[in-house]
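As a plain string of letters, each chain reads:
There are 4 protein chains.
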Amino acid sequence: MTKVLIAGAAGAMGQKAVQLVNSMDDMQLTAVLAPHLADNQRTANHLADNVAIYHALDDVQEGVANIWLDFTVPSAVYDNVKFALQHNFMPVVGTTGLTDDQEKELIEFSENKHLGGLIAPNFGMSAVLLMKFAKKAAQYFPDVEIIEMHHADKKDAPSGTALSTAKLIDQVRPSHQTSPDETETLANVRGGDYHGIKIHSVRLPGYIAHEQVLFGGAGEALTIRQDSFDRQSFMSGVKVALQKVATLDHMVVGLEQIL
Amino acid sequence: MTKVLIAGAAGAMGQKAVQLVNSMDDMQLTAVLAPHLADNQRTANHLADNVAIYHALDDVQEGVANIWLDFTVPSAVYDNVKFALQHNFMPVVGTTGLTDDQEKELIEFSENKHLGGLIAPNFGMSAVLLMKFAKKAAQYFPDVEIIEMHHADKKDAPSGTALSTAKLIDQVRPSHQTSPDETETLANVRGGDYHGIKIHSVRLPGYIAHEQVLFGGAGEALTIRQDSFDRQSFMSGVKVALQKVATLDHMVVGLEQIL
Amino acid sequence: MTKVLIAGAAGAMGQKAVQLVNSMDDMQLTAVLAPHLADNQRTANHLADNVAIYHALDDVQEGVANIWLDFTVPSAVYDNVKFALQHNFMPVVGTTGLTDDQEKELIEFSENKHLGGLIAPNFGMSAVLLMKFAKKAAQYFPDVEIIEMHHADKKDAPSGTALSTAKLIDQVRPSHQTSPDETETLANVRGGDYHGIKIHSVRLPGYIAHEQVLFGGAGEALTIRQDSFDRQSFMSGVKVALQKVATLDHMVVGLEQIL
Amino acid sequence: MTKVLIAGAAGAMGQKAVQLVNSMDDMQLTAVLAPHLADNQRTANHLADNVAIYHALDDVQEGVANIWLDFTVPSAVYDNVKFALQHNFMPVVGTTGLTDDQEKELIEFSENKHLGGLIAPNFGMSAVLLMKFAKKAAQYFPDVEIIEMHHADKKDAPSGTALSTAKLIDQVRPSHQTSPDETETLANVRGGDYHGIKIHSVRLPGYIAHEQVLFGGAGEALTIRQDSFDRQSFMSGVKVALQKVATLDHMVVGLEQIL
Numbered sequence: 001m002t003k004v005l006i007a008g009a010a011g012a013m014g015q016k017a018v019q020l021v022n023s024m025d026d027m028q029l030t031a032v033l034a035p036h037l038a039d040n041q042r043t044a045n046h047l048a049d050n051v052a053i054y055h056a057l058d059d060v061q062e063g064v065a066n067i068w069l070d071f072t073v074p075s076a077v078y079d080n081v082k083f084a085l086q087h088n089f090m091p092v093v094g095t096t097g098l099t100d101d102q103e104k105e106l107i108e109f110s111e112n113k114h115l116g117g118l119i120a121p122n123f124g125m126s127a128v129l130l131m132k133f134a135k136k137a138a139q140y141f142p143d144v145e146i147i148e149m150h151h152a153d154k155k156d157a158p159s160g161t162a163l164s165t166a167k168l169i170d171q172v173r174p175s176h177q178t179s180p181d182e183t184e185t186l187a188n189v190r191g192g193d194y195h196g197i198k199i200h201s202v203r204l205p206g207y208i209a210h211e212q213v214l215f216g217g218a219g220e221a222l223t224i225r226q227d228s229f230d231r232q233s234f235m236s237g238v239k240v241a242l243q244k245v246a247t248l249d250h251m252v253v254g255l256e257q258i259l
Numbered sequence: 001m002t003k004v005l006i007a008g009a010a011g012a013m014g015q016k017a018v019q020l021v022n023s024m025d026d027m028q029l030t031a032v033l034a035p036h037l038a039d040n041q042r043t044a045n046h047l048a049d050n051v052a053i054y055h056a057l058d059d060v061q062e063g064v065a066n067i068w069l070d071f072t073v074p075s076a077v078y079d080n081v082k083f084a085l086q087h088n089f090m091p092v093v094g095t096t097g098l099t100d101d102q103e104k105e106l107i108e109f110s111e112n113k114h115l116g117g118l119i120a121p122n123f124g125m126s127a128v129l130l131m132k133f134a135k136k137a138a139q140y141f142p143d144v145e146i147i148e149m150h151h152a153d154k155k156d157a158p159s160g161t162a163l164s165t166a167k168l169i170d171q172v173r174p175s176h177q178t179s180p181d182e183t184e185t186l187a188n189v190r191g192g193d194y195h196g197i198k199i200h201s202v203r204l205p206g207y208i209a210h211e212q213v214l215f216g217g218a219g220e221a222l223t224i225r226q227d228s229f230d231r232q233s234f235m236s237g238v239k240v241a242l243q244k245v246a247t248l249d250h251m252v253v254g255l256e257q258i259l
Numbered sequence: 001m002t003k004v005l006i007a008g009a010a011g012a013m014g015q016k017a018v019q020l021v022n023s024m025d026d027m028q029l030t031a032v033l034a035p036h037l038a039d040n041q042r043t044a045n046h047l048a049d050n051v052a053i054y055h056a057l058d059d060v061q062e063g064v065a066n067i068w069l070d071f072t073v074p075s076a077v078y079d080n081v082k083f084a085l086q087h088n089f090m091p092v093v094g095t096t097g098l099t100d101d102q103e104k105e106l107i108e109f110s111e112n113k114h115l116g117g118l119i120a121p122n123f124g125m126s127a128v129l130l131m132k133f134a135k136k137a138a139q140y141f142p143d144v145e146i147i148e149m150h151h152a153d154k155k156d157a158p159s160g161t162a163l164s165t166a167k168l169i170d171q172v173r174p175s176h177q178t179s180p181d182e183t184e185t186l187a188n189v190r191g192g193d194y195h196g197i198k199i200h201s202v203r204l205p206g207y208i209a210h211e212q213v214l215f216g217g218a219g220e221a222l223t224i225r226q227d228s229f230d231r232q233s234f235m236s237g238v239k240v241a242l243q244k245v246a247t248l249d250h251m252v253v254g255l256e257q258i259l
Numbered sequence: 001m002t003k004v005l006i007a008g009a010a011g012a013m014g015q016k017a018v019q020l021v022n023s024m025d026d027m028q029l030t031a032v033l034a035p036h037l038a039d040n041q042r043t044a045n046h047l048a049d050n051v052a053i054y055h056a057l058d059d060v061q062e063g064v065a066n067i068w069l070d071f072t073v074p075s076a077v078y079d080n081v082k083f084a085l086q087h088n089f090m091p092v093v094g095t096t097g098l099t100d101d102q103e104k105e106l107i108e109f110s111e112n113k114h115l116g117g118l119i120a121p122n123f124g125m126s127a128v129l130l131m132k133f134a135k136k137a138a139q140y141f142p143d144v145e146i147i148e149m150h151h152a153d154k155k156d157a158p159s160g161t162a163l164s165t166a167k168l169i170d171q172v173r174p175s176h177q178t179s180p181d182e183t184e185t186l187a188n189v190r191g192g193d194y195h196g197i198k199i200h201s202v203r204l205p206g207y208i209a210h211e212q213v214l215f216g217g218a219g220e221a222l223t224i225r226q227d228s229f230d231r232q233s234f235m236s237g238v239k240v241a242l243q244k245v246a247t248l249d250h251m252v253v254g255l256e257q258i259l
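Chains as they are written, first to last, in the UniProt record's numbering: chain A, 1 to 259; chain B, 1 to 259; chain C, 1 to 259; chain D, 1 to 259.
Heads up, the list lumps identical chains together, so a pair's fine if it works in one copy or across two of them.
Capping the alpha-carbon separation at 30 Å, the derived lysine-lysine pairs in DSSO-like fashion look like this:
hint: 1; residue 1: Lys-135; residue 2: Lys-155
hint: 2; residue 1: Lys-136; residue 2: Lys-3
hint: 3; residue 1: Lys-244; residue 2: Lys-104
hint: 4; residue 1: Lys-104; residue 2: Lys-3
hint: 5; residue 1: Lys-239; residue 2: Lys-167
hint: 6; residue 1: Lys-244; residue 2: Lys-135
hint: 7; residue 1: Lys-16; residue 2: Lys-155
hint: 8; residue 1: Lys-239; residue 2: Lys-113
hint: 9; residue 1: Lys-82; residue 2: Lys-244
hint: 10; residue 1: Lys-239; residue 2: Lys-82
hint: 11; residue 1: Lys-244; residue 2: Lys-167
hint: 12; residue 1: Lys-16; residue 2: Lys-244
hint: 13; residue 1: Lys-136; residue 2: Lys-244
hint: 14; residue 1: Lys-136; residue 2: Lys-239
It should be emphasised that the hints constitute simulated quantities derived from the structure, not laboratory data.
So here's chain A without its partners, still in its complex pose (with noise of 0.2 Å):
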């Protein structure tokens, strides 16, 4: 049985983590970090009785748990994870803000520790599986273009998966444009450029988060498509990664690695 601290237990992802780890056979809910929650509040945050409690990270006691699912806030998740790693923890981390620098100094803390962990900027299976596949498949089809789809009040685009996906495929195929000497009739129709990779981005209410990747070669065509309906989603990826982290031998970025 793997024990499993979870910092940031009382927020939204931290709630449905809490959940998750109830669910899980293999795992157990031993500890979490929360600096605002108080005891009478276990049942509503479906806390066990033994589960402890820490309001601060210096009071979290080595060894209460074997993995650190770190869902916080951008201020907190580096002095989290350093502690995590100094007092043995295998830190899985859903939590953004870490500078490359940061990053770097992590994992090659991790390295020398041989201890596991994961940082993962998107915990969604299907849109982590999608940039897997996306990536392999240009190998192949060097020929391809990106299609994102959001709700109407998404306020920047291209989406962040839809950018990470077209940078995967720019490593692995020869930086090209697919129709050189178009004519654009009506400005921009071919969409955003990068690396010769053409990025179009779609707003209408009622869609939600949707990510499409066209590939075509001679006489076919290849397509991914990953839908995210609601944020129940990345529990299926924090599943995977409390899984797995215990083979990894340092910490990886990006759930994609270790699938």
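Chain A is fixed; fit chains B, C and D onto it per the hints.
Here is chains B, C and D on its own, set in the frame of chain A:
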């Protein structure tokens, strides 16, 4: 039995039209206008012995057919259609190249003669229905985007059908932007803009000719898609035109007008 | 300003309807019929002080509203609609449960009184438009299949919308099998059969409620798809019904009749 | 420069293969095995003067090529591949018809000779990648259905690719029904069943060859789709096979094994 003359019977579209009319129980091919077609090419062109072959416009006999089906060239179409109306043929015109003024003049002439006819820039039934449905749907779903996908050799973007679709939609919805405050972190990902209707053009090898119209509303979405796999598809629209033109008392523009 | 009474205002759909009417500039909510709604629940139910609350059908005053919007229960709907027509309300009915005989009787009654009304089994605009378009397209593309996709908890297959779509299509195409001589090497892969229209039901977790109608013709295809992401989607159809019911002089069945 | 012999060079697939090898910078076509190909048909078959033409298997010279690319007929394939291995050609086999026992024997023989090779029932890259990705995704999304769509003239259902996909998925997921308690109110709408994986076959004119694999999980969905528009598509997979076969030390089955 309705009698049909095909102008341009030796061209790519004209040849398919010959075979279409030959296959219809209620139509009879009685004449063709084909300047360079020799009599010994009848069999190769699927023309029965009793089909009159004319090599010049002025040779065509009034009464030889009821319908004048025109798949010729832009430089000939105006003279052809005028001749047809003057001699009491009902024109069904798949040839492009009429100016707006010419079109207007010919329609007025047809009204005076109470002679039905059809000028159709697009005989693809799936494309025509897509446009018809999109115009209807936009009355109830004013937020809409268009994605068209073509082979990588297409030389311009967007496709004519996509732009026509946007223009039809524009007639029935108040002009507005769906996500006016959005920030593009990669230039042009939001695509081309026709009065607030975003158009996205995808160009990939393998693809042929495809168009999607995406509508979004509170909690729901409606998508209409058409795929053209080959030119054969145009003939289903020609068939409908041949069957319905006699019900008209003047010439109309657009196959969708008679569906 | 058109005045509206909502029967069943405290139910799930009724509450959404209250908010819809409150949001419309040309409609005013003047009364609700809600047997168990206490006066001190006005605020929680978004009811202004001047909205009359009735606890029993016989208490409702003629003239209190022009439209009777009914989201009640099968056991109440017949009495409600009859009462509404007798007292000169125009019924807009989202409640299911009327028998064919009851429906017929109520429609005849509405005809005699020249009173408009609408009985709509489905107020989802995307589903209603899909059905309307599918019926039209089948006139030109008689070969058609339906794929509906729902969450894994749905207890029956096919969906009501899919079957309704098949019935509408069946009205306009000659009954036939598309591939009559085909051999199934795995039983039932060709799906359910409604007069030659194949229906396929997909059940997967994550999915909500989606339907596709696929048409194929020589060299081309047409696909109409609708996605319902949440119940909120029904209200756009209710809005259209409220705005159009006054243009009718008898009660009709199906939102598509007034689009 | 790798030298290639093509067996069956005069057939439909063989002719495309000739043109493929001619177009590759790192491959040279040095010989063909084509029983009925006359020397004066070289030009029509795109064969340079220095390409050896063999009319019988026993005439083929060892050393004339490194790779034996086989697009022949079921009755010839076993003898061809055995001959190839005996004479130190690396076989790349697109011909169907090997029995399981023959396949096993040939593989063992290749292992003993440390000779690479590939037997591929399907060289369509989009189909092969779809199968590869579907098998991977099913590890994380055990609930899955398959929809394949083909032209109306296809004589059997489901397609071989769809069934192969189901078998690959079946290897990595626990056999179960997704909606075991569901009631069919129209028989067979839930499709064919392969160990709990539902398969739906659509047959419509216009369609060519298309397959979708739909995965659903809590709050999300993943869809992989491939479209084959013409036979040309097979050659991209043959190209990959030619380029990779030399890296193998025994014969493998399935193009996906080397991607």
